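Undergrad: Required output: the full structure, derived from the provided sequences and hints.
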Amino acid sequence: MKFLQLKPDERMIGIYRPYGLTYAGAVIVSFILWILPFFLLGQLFQRGKWGLLGFALLVALALWYSLG
Numbered sequence: 001m002k003f004l005q006l007k008p009d010e011r012m013i014g015i016y017r018p019y020g021l022t023y024a025g026a027v028i029v030s031f032i033l034w035i036l037p038f039f040l041l042g043q044l045f046q047r048g049k050w051g052l053l054g055f056a057l058l059v060a061l062a063l064w065y066s067l068g
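With my numbering as the guide, the letters of the sequence shown map in order to residues 1 to 68.
In case anyone wonders, no lab produced these hints; they're calculated from the structure.
Since this is a predicted model, take the numbers as computed values, not measurements.
Using N, Cα and C, we set each Cβ at its ideal position, and we do this for glycine too.
Fair warning: there could be bad hints in the mix.
[To be verified] Simulated restraints, written as ranges between beta carbons of each label pair:
| # | residue 1 | residue 2 | range |
| --- | --- | --- | --- |
| 1 | Pro-8 | Ile-35 | 48 to 58 angstroms |
| 2 | Gly-54 | Ile-28 | 14 to 24 angstroms |
| 3 | Gln-5 | Gly-54 | 47 to 57 angstroms |
| 4 | Ala-60 | Gly-25 | 32 to 42 angstroms |
TA: Listed below in structure tokens is the structure:
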């Protein structure tokens, strides 16, 4: 990050960034990642140990995305 030294007669101009859109998108993706494993719960558990592994991987992906 580079800092600029302002002259005494200069003022800092604010820059507007739409962080709300960024956070809203992240919340929506996180919600979808958390709902997906539980939506597929029945199909995954019918497949036995591979279904359990798939469920665990989907939950791990959602947790990684949410905390990252």
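Undergrad: Each hint needs a verdict: does it hold in this structure or not?
TA: Cross-check of the supplied hints:
Range check, Pro-8 to Ile-35: about 55 angstroms between beta-carbon atoms, so the 48 to 58 angstroms window is met. Look at Gly-54 against Ile-28: about 23 angstroms separates their beta carbons, and that is inside 14 to 24 angstroms. Range check, Gln-5 to Gly-54: Cβ separation about 56 angstroms, and the 47 to 57 angstroms hint holds. Under the hint 32 to 42 angstroms, the C-beta atoms of Ala-60 and Gly-25, about 21 angstroms apart, miss the expected range.
When each numbered hint is compared with the structure, a violation occurs for hint 4 only.
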